[in-house]
Every structure is written in C-alpha cells, then in structure tokens.
Amino acid sequence: MFNADALNQLRQLKSDIEQSKVVFPGTVKATNGRFGFVALDEGRDVFLPPEEMQKVLPGDRVNVTEQEVDKGKIQGVVDELLESRLSTFVGRYLVKGKGHFVVPETPGINRWIFIPPKERMNAQPDDYLYCCIHKHPFHDGKGQAKVLRVIGKAGEPGIERALTLATFDLADAWPEPVVQQAEKLDEAAIEALAPGREDRTDRAYVTIDSPATQDMDDALLAEPNATGWALSIAIADPSSVIGTESAAELEAFNRATAIYFPGEPLPMLPDTISTRLCSLMPDVNRLALVCDLQVNNDGSLGDYSFHQAVIRSRGKLSYDLVANLIEGREDEDIKALPDAVANSLDQLHQVATALRKWRSEHALLSGDRPEFRLRLDENRRIRAIEPSVQNEAHRLVEECMVAANRCAADFLASRPSGLFIQHPGLRNDRAANIRALIEGYAPQFADIDATTPAGFLALMKQTSELEAEVPIKAIVSRQLARAELSFTAAPHQGMGLNAYTTFTSPLRKYSDLYVHRLIKAALWDTPMQMLSSEQLMALQNAQFKARQAANSLETWLKSDFAKTLGDEPMDGVISRTIPAGFFVRLEANGLEGFVSCRDLNGKYSFDPVTLRLIHNKNGRVFQLNQAVKVSFSGVEEERRQINFKLVEAEEIPVTTGS
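With my numbering, letter number 266 in the sequence shown gets 266, and the count goes up by one each step, no holes.
If you are wondering where the hints come from, they were derived from the structure by calculation, not from laboratory data.
Here the structure is a predicted model, which means the values were calculated and not measured.
Some hints here could point you the wrong way.
[Stated by the list, open to error] Below, computed lysine to aspartate or glutamate pairings styled on DMTMM-like, alpha-carbon distance capped at 25 Å: (1) Lys142 / Asp79; (2) Lys645 / Asp571; (3) Lys142 / Glu83; (4) Lys645 / Glu371; (5) Lys461 / Glu392; (6) Lys29 / Glu42.
Could you put the whole structure together from the sequences, leaning on the hints where they help?
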C-alpha cells in the first residue's frame, strides 16, 4: 500500500509531467484512409495514426503532443479536444445485426457512427439522414449520432437536391418571421414608398432576360447626345422595402445569394419580394435605384449620378428577340415594339458596342467559353444537355451592367465605407512558375512583372493571340487567385479594372443589396447597418458555400447522365492537368471527365511550369487546350467523378459510305 507521502509524490510527478509536456494546437484534417493529420497553427502537419483518428472528427480543434515511434518517425497523440466544428452531417442508415448506424456521406468521416434507439426517428435501412453528433468520440473512440431528419431514399425524384441542401446546411423553407414579413407586403406598400422619388414612369425602360426569369432586377434605356449616349440603368430596389434589421434582411445575409440549382433555384428573398413587388415587371410601377451615365463615343465613361426613382417597364424582352432586332431580322414581336422601345434598343446596341471596344482595348474581357443548359425530366434528373448560345443581346446587357458597377465602385472609392470585389491576379505561390514560363516560352515579355496590376494586364493582353509552343494565357489563367470581398478599393486584375463592385443584382446577391444601402446612405442619409470584418468573412464564406453546393449538385446529376454516353469516341479538349492525369471537357455537352496516367502507356512526369504531362521516354505531351478523343469508362461513385479513356487514332473505327 502507498502511504500518503508516496501518493502525494506520485500526484506531484504527474503534475510535473503535465506541466512539462509540450502541446501544439491545430485542426484535424481527414484523408481517404483511416489515418489523418493535424494542421498545426504554427504551419506544419502532424501525422495521426488510426487509433488517434478514431477520437476526433474532421475540423476538430485539438491540442496534440508528439511522440517518436519506429525508426525515428514522429506521430501525434491527441491530448485535448478544444472545439468540435462538425455540427451536422448527412449519411445513409445501415442496420448490421443488432447495431443501427449512419454511414456518413460527408468527406473525411470514414467510420460508421452508432445511433442509439431513442435517436433514430423511425428511420429505415438505406434512408438518407440528416444527423448531428450526439456523443463525441474523444473519450473512448466511440461516437454516437442523432437523427434530425429523414431525407428520403436513393432514386426518389429530387433526392439529389434534398441531399445537397442538407449536406451544405442550406434551408429550403423560410423562417416564420420572414414569412410573416413577406405576407404583410403588397402593392400598397410600394405605392406608399413612391412619394419623394423621381417619377420616370413615362420613359421607355425595358428588361432583357430569359423568358422564364421572374426576378428581374435591371431595366435599360439609352438616348444619343452630342458626345455619345445617355445610358440609364434602373436596378430593382428591395433595400427600400425591407428594413436593415428585419427578418428578411437577416435571412438574406445568411443565405448570401440565390443559388441556381438545376431545375429549381434556391432564392435569397421570398417570392413576394423577389418575383413580384420588387421585380421590374412590365406595366406596373416599381421602385428603382437608377444610375444615369454618360458613355462617350469611344466607350469611355463620363459623368454619372444615382437617383431614387419609380419606373414602369415597357416590356419584358427575351435575349432572342433583342438579338433578332440587332441582326435586322423581322418578326411579329419586333414589329409590335413601340417606336420609343425600338429606338432605345438600337441605341443600347451602339452603347454596348462602344463599351466593349473600350474594354477590349483598356481592360480584359472574359473568354467566350461555351456554356450549356441542363434539361431535367420529371424525376429531376438530366434529360439532355444543350448548348446555351451567348448572342449580342447577352453582351449588350453584360456591358451595361459592368458600366453601372464601375460607376458604383468609383463612387464608393471616395467614401469612408465601401464594399468591393478585388482580384489579386496570380496566386502568390505560382509567381515563380509564371516567371519561368515567360522566360522559357515567351522571352519577348520577360520584362513584364506579372505580379503587378499593370504587368498582369499587359501579359494577358499580349499573350491573348500569341502563337507559342505552349498555351501561355491558358496556363496563366489556371493559376489565378480567387476574387474576394473587401471594404477598401483595390484592383480587380481579372477584369483589368482599378476598382470594381456589383450592385446590379440586389434580388439575388446580398453584397449587391448592401452596396445599395451604402450608396443611399451616402447620398440621402438612409438607415445603414455597417458590416463588421467578421460579418464580411461570414458573407464571403456563405457565397463560397453556395457555389460549392451548386457545383456539387451539378456534378452528381452530370455523373448520372454520363452513364448514358455509351462507348463511342467523343471529341474533347484538355481543360486541366494534374500529376495524376488530365481532365477533358467534351465539345458536345461540356461534361468533364478524368483520364488517369495509370491508363496510359508508360510513365508521365508533370511539369509545374507548363502544366504539361510529358512521357518519360518518348516525350509525348498532354497540355491545356489540346484536342483529344475519349470514351466513357465509368464513374467513381464516392467522388461522383466521370472517368474517360483516351482513344488513340488507331482505335477509332473507320466507316465507309454505301
């Protein structure tokens, strides 16, 4: 038996050991295997073996210690759980013997999690579930889950969308306070807000959009003058209808953006607001924040001003109708247009042509990459993928929106508070590779510093039509940083502009709604609730999550559709390269699939400068923008990745005429 002194000595020894122990805080990172890592705050990773990984979940904040194992290798030991960030997840219900489990679909959770009897909500085998962690596995490695909602079964119509919403914690229903606020709004509310605004109901504004669009947030008008054109861009004004701290405003901030899921979008604002009372529908009075802008003959921008107005759109016009008018085609719909509208559309086309010419000479235009439209069937799965042709009417609207947004950025740049979209150009970690690329394949541009806004602009413009051994502009474009929201003005290098923001989609993007409030507060002292730095980061993260969700659902639907492709050779272009292989975008439908180096003859090395895959012996090259033929070879279900097989020339069947 230990006496009291011996026990005290043992306690003191344990305390001394604890105090002398070196712990490192970090965040748990999962892998596809049973092991993982902790990304330490100091910037390095520590390996977590399977037995330690059983105690934690992806994203957990932990303290770890390091211990040396065989042959001097270091691994981590989880010492303390600081915070668990995994609040909810989705998975599939599984019954194994007497055990009831959820098999998570969330990447990185590579284990079944037990569901105790009282937390199963009558779920049935193979149901998809929306769950939370009921008991964390830190103490014994045995976590438990609680079912919050049964989502449905695989194969049910719309299950892909429902599961995507749950995976990304996106609400499909409106909170009750938002519903109550929307129900109180009607045409009388719009009429009550009209006094004190400019009455522009006699002017020939029109909207140009897709026929199915209901949330129309811009209407246009143009008139010629001595030095160019007077362009007027009227933008829907929901900021006047919903209060700064109202339920609808708070929900719009949380959602951040409307998400255009295939078949059924997820709106940012309730239909009462976004598609009825604030939408710039034809033949009804609507509130608008208007940007009046002088566009000079050379496409440069002159003076501009902002106005709170009431407008009355003269028509909801389709892109096709406006394109037909521009191209001089005659049909009954065009003949039916009032003269004032037809004249304005003619001037709008001239304005847009001048604006685009100026941008092509002084800034950067986005490439006309082919776009495609997903057509869904009654089960909400892809029936067909059709090309979506961008015509002159699309470019007309784009140029007017860019011009208005440039004015908003210029206006806010001289104010104490603003909201901007900045794009820093190249990723910092790729600058050296781009320098090596230029020196090796376009030495005539070696004096350009692509890390500066002026240098980046010059490089992108001068390599646009450059004929070289490698596609320099495409390589640079694959290594750009992500655009970010900022309170301060800074260059948008991707567009080649000194400052940029957006305010032309306030029914669809909270950042645009917020810019409305900034402009109105500066000009008319309207109520304003400034965002904090933390809120700005949350808004940006919500926007990023929305894009991830939309991409995830599209990827799922496309991977299912790819199974109908058959095994015929298909034309495509290499869109991305990585050390393990390359991605190919099909010309017919835009589907992207992966060709693995493991399925190619011989071994290939990846060149991080040119982004090329080069055969180690015969020098065969695969690079960006290269045309190839592929055939469908399957789908990797866990990642829903479409896989292709390269079709060599000798494998292509030869057909002869009769």
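Hints, one by one, checked against the model:
1. Of the supplied pair hints, the one linking Lys142 and Asp79 holds, its CA atoms being roughly 17 Å apart against a limit of 25 Å.
2. For a cut-off of 25 Å, the pair hint linking Lys645 to Asp571 stands: about 12 Å separates their Cα positions.
3. This hinted pair checks out: Lys142 and Glu83 have alpha carbons roughly 17 Å apart, not beyond 25 Å.
4. Under the criterion of a C-alpha separation no larger than 25 Å, the hint pairing Lys645 with Glu371 is consistent with the structure, at around 24 Å.
5. About 23 Å separates the Cα atoms of Lys461 and Glu392, which keeps this hinted pair within 25 Å; it holds.
6. The suggested pairing of Lys29 with Glu42 holds, with an alpha-carbon distance near 15 Å, which does not exceed 25 Å.
Violation of the numbered hints given earlier is absent; every hint is satisfied by the structure.
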